[in-house]
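K.L.:
These protein sequences, in sequence, are chains A and B.
Count the first sequence with numbering that gives the first Met the number 0 and you get residues 0 to 324, in order.
Count the second sequence with numbering that gives the first Met the number 0 and you get residues 0 to 324, in order.
Hints were generated in silico from the structure; no laboratory data involved.
All figures in this text were calculated on a predicted structure; none of them were measured in a lab.
Some clues are possibly wrong.
Since copy identity is lost for identical chains, a pair holds within one copy or between any two.
[Claimed, not checked] Taking lysine to any residue pairs in the SDA-like style, the calculated list, with each CA pair at most 25 Å apart, reads:
(1) Lys112 - Arg87
(2) Lys306 - Asn23
(3) Lys146 - His99
(4) Lys102 - Pro25
(5) Lys4 - Ala33
(6) Lys292 - Pro71
(7) Lys171 - Asp224
(8) Lys254 - Ser277
(9) Lys292 - Asp97
(10) Lys145 - Lys292
(11) Lys112 - Asn15
(12) Lys253 - Tyr279
(13) Lys225 - Glu208
Protein chains: 2
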Amino acid sequence: MPNIKDVAARAGVGINTVSRVINNRPGVKAETRARILDIIKQLDYVPNEVARNFRNQTSNVVAFFVPFVSNPYLAKVTASIEHELHQRDLKMMLCNSDSHSEKELAYLNIVRKEKVLGIIGITYNDVHELLETNVPFVSIDRFLGKKIPCVAADNFMGGRLALRELVQKGCKRIAMIGDAGVVQSEVRHRRRGFKYEADELGIDVIFHEKRNTIGYSHNNIVFIDKLFDKVPDVDGVFAVSDLLAASVIERATKKGIHVPSQLKVVGFDGIQDNPIFSPYLSTIVQPVEQIAKTAVEILLEKIENPKLRSDVITIPVAYRQGDTT
Amino acid sequence: MPNIKDVAARAGVGINTVSRVINNRPGVKAETRARILDIIKQLDYVPNEVARNFRNQTSNVVAFFVPFVSNPYLAKVTASIEHELHQRDLKMMLCNSDSHSEKELAYLNIVRKEKVLGIIGITYNDVHELLETNVPFVSIDRFLGKKIPCVAADNFMGGRLALRELVQKGCKRIAMIGDAGVVQSEVRHRRRGFKYEADELGIDVIFHEKRNTIGYSHNNIVFIDKLFDKVPDVDGVFAVSDLLAASVIERATKKGIHVPSQLKVVGFDGIQDNPIFSPYLSTIVQPVEQIAKTAVEILLEKIENPKLRSDVITIPVAYRQGDTT
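Chain A extracted, bound-state conformation (with noise of 0.2 Å):
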């Protein structure tokens, strides 16, 4: 009677390959599977205890690490990533991390142990051994490194596409405002595209800025007032994010200041579904469902392949009219 090696010679490929298959596990390329499973019929062979016993050995874990996992955006990229995994049969282990380095760490300690398939992983923090783990890791957001595949939006066409936005509808005085020159992650080539498109067109853009303006705080209403004194005549503002978009309009409305009238707000992320809170925010749509696609599939890439190196993988970005440009 043929066994696993019978089959595993015959398709020139590993033993691990062929259970893969039998146990319609992720990892194999499509053509080589189909090869598989043809020899598998030619030598008429059933799969044995040892072959059914891999899949117990392995485990079908993703680990997902999240910031914030109730954060809108965040919470539609969860969504989305658990979709993507359970259509290929795997499960998420869901790591909310809070944005602390130390629940990061935490969380790396268990799915080392727990021989978790691989990571994807949104994280802000510089954790050392995550960087360095030999777990196949792939980035959202947040360029780690070449050994470190990174999915995106096109931030940097996003900021582009948002002063162009505000200069088409007249704007005269056009500020960015938020984090995004001083963060590490992806989210800086907002900043560097909204910069680029305004050297192309030849006019000064403001910049407003100061570290983490995510959430309605105290500091950010702060930080948001002091714009409209340094720049009384700003008319036009691209927000870094969508709810700090709509904390600047809550603020310039609180000061009498009408949007979109005498002042247009662009966002970013696209995290209203409905118009049913005002305002419907003009602003860059992150394409959720593709990159969440894609950091499942490069991540599988990964695995099969783990010295898999590659620069940032970028998903376009539109831009979508709301009621405030």
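Given chain A, put chain B in place with the hints provided.
P.N.:
Relative to chain A, chain B alone:
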């Protein structure tokens, strides 16, 4: 040299319990844990490999079944459950079902195979297999029988508070809108409380109902518009969710009905953590952190005592004043 059996005998517990203490796992009462640690010290017992291996024989993973992780209320629940699990050294497997019973069933099969510690679940489907499973299971927001502990907000009181608020603000023609009359979940008690309070106050209220009022869809818009056709003088609405409340306000505004001067609206959930998107809803706030904490605690009790039976454990709610009443 003393072994784990000696410790167990001296403490009057099973080996499994001692192992849980050694490996810092949950499911042991604080006083039992303290007693065992004491005995370990007294006997100068050093855990051997067998004991240490216990850790790997059962899993520290809790599966969390959620219909839509990107729904704002459910995203908050997910983050809170993850927080509570992590505090107890437990991990979350995210089982995002898209509210499809097939996907719930697929996840249930995985959960069984993976020897998951237990399940915390929000499900709107009747998955027979889920109800009959031997895996310790705690339900949120839906009572599935006394064998499955259920944790939910005090929906009944929420309905009462909502009506009280609308009456106090002077509304004369008050309607409740949503699916609370047709769902099996604890949400139906929002309607019961609303009706109870109306009877107490001796006033008539209108119920405007249909199946599935989640999301901003054409169906829901038509449904909301029908209320305004049917009851043109409606001046108070209690919506079964914040998202539906926001939809009601959006439709009213389109018709030139001003909120709150002509129409007052109370929602349910408390999904807005800040006032940057308007309207800032008057709403009944669900105590999400408390629900999550209680669900995890009850799950650990259920693991220790599989025969644990209970009615619904309700957590108090509160009314929060917004700009819509």
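K.L.:
All the hints need checking, so say for each whether the structure fits it.
P.N.:
Status of each hint after checking the structure:
no. : hint            : in the structure
1   : Lys112 - Arg87  : both (23 Å within a copy, 17 Å between copies)
2   : Lys306 - Asn23  : within (24 Å within a copy, 37 Å between copies)
3   : Lys146 - His99  : within (23 Å within a copy, 38 Å between copies)
4   : Lys102 - Pro25  : between (29 Å within a copy, 19 Å between copies)
5   : Lys4 - Ala33    : within (17 Å within a copy, 53 Å between copies)
6   : Lys292 - Pro71  : both (19 Å within a copy, 22 Å between copies)
7   : Lys171 - Asp224 : within (20 Å within a copy, 42 Å between copies)
8   : Lys254 - Ser277 : both (18 Å within a copy, 16 Å between copies)
9   : Lys292 - Asp97  : both (24 Å within a copy, 17 Å between copies)
10  : Lys145 - Lys292 : within (20 Å within a copy, 41 Å between copies)
11  : Lys112 - Asn15  : both (21 Å within a copy, 21 Å between copies)
12  : Lys253 - Tyr279 : both (18 Å within a copy, 14 Å between copies)
13  : Lys225 - Glu208 : within (11 Å within a copy, 48 Å between copies)
This entry satisfies every hint, going by the numbered hints stated previously.
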